[in-house]
Amino acid sequence: MFSNCLVNTLKSKFNIITFYSTTATKHPSKYFISSILTPRKQDEPINLKFELVKSAEFDPTLQFIAKNFFREDPLCRSLCINTSKGKCEGPIELLLRDSLRHGMTIIAREGNENKIVGACINNRNCPWDAQKLEEYAKQVQDGSTKKLLYIWALMSREPKIHQELELNSIFEIGLVAINNKFNHRGIGTELVKRSLDLGRDLNFSYARMDCTSDYSMKIAEKLKMKRLWDVSYKNILMQDGKTPLAVPEYPHSQAAVYYTHLKEQSGEKKSTK
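Each residue of the sequence shown is one higher than the last, beginning at 1121 in the numbering used here.
Please keep in mind that the hints were generated in silico from the structure rather than gathered at the bench.
One should not assume that every hint holds.
What the hints assert, rightly or not - Only pairs whose alpha carbons sit at most 25 Å apart, straight line, appear in this in silico BS3-like list of lysine-lysine:
#1 1207 - 1174
#2 1174 - 1280
#3 1207 - 1252
#4 1174 - 1235
#5 1235 - 1280
#6 1313 - 1235
#7 1362 - 1266
#8 1342 - 1169
#9 1354 - 1258
#10 1266 - 1280
#11 1346 - 1313
#12 1258 - 1362
#13 1207 - 1187
#14 1187 - 1174
#15 1280 - 1207
#16 1301 - 1207
Can you build the whole structure from these sequences, using the hints too?
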């Protein structure tokens, strides 16, 4: 779910950040930048602006995720992930900070107060990510965090998407967090949509989205992503072979992995694997 990313964030011009991929021809990004410049629809209920997280904003972004993801996500709630201090700690914090440094995390701000109301952590996903997550899990003392990391590792490995697509590098939408006061406003869908645009700009051919709740699955399906793999939480068992690792509340009964071909979505000719 989290891994290294070969991305360069270059100087901005006219206050708009330009992105380049190390594997792409060096042309300014088209889809994500144009989405920033596109005016919001007049019937949208709140004034939002979307931007990429800068290093000075790492701490407030992590605090936002601690409060609005780890306390609100059905899987995290069922595991009782501890964010009582209002921040991410231990291996979770290390993983998230590593992701933020890669420069692909998008945040949504409420225009009038300029406060963060949504965040989407994006990464470059590789075949060895599952092993990395399991190694983190072995070092964790807290049982709830260990379970969460093992579930993330399972979702990273089992779909075998890299073997299927014959690729080592896939754009990944890691997790989506929304301020619960702004639920049902379409912010999550808009963050994922703009993240897919960013993946296109960075010259990724495919994107994946690991969904741990019914909320995120609905976003993936609304954006016409294809379901590659799923598993019922009652079938993810502890070592006794009987007890589920987690039992989120209904209707969040399963985890699923979705993917999409970014070039096809943009109307470009499908590339050869």
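Here is what the structure says about each hint:
1. 1207 - 1174: holds, 18 Å
2. 1174 - 1280: violated, 33 Å
3. 1207 - 1252: holds, 22 Å
4. 1174 - 1235: holds, 15 Å
5. 1235 - 1280: Status violated; Cα separation ~38 Å.
6. 1313 - 1235: Distance of about 21 Å is within 25 Å: holds.
7. 1362 - 1266: Within the cut-off at roughly 18 Å; holds.
8. 1342 - 1169: holds, 21 Å
9. 1354 - 1258: holds, 23 Å
10. 1266 - 1280: holds, 22 Å
11. 1346 - 1313: At roughly 15 Å apart (the allowed maximum being 25 Å), residue 1313 and residue 1346 satisfy the hint.
12. 1258 - 1362: holds, 21 Å
13. 1207 - 1187: holds, 7 Å
14. 1187 - 1174: At roughly 20 Å apart (the allowed maximum being 25 Å), residue 1174 and residue 1187 satisfy the hint.
15. 1280 - 1207: violated, 33 Å
16. 1301 - 1207: Holds, because 19 Å separates the two Cα atoms, which is no more than 25 Å.
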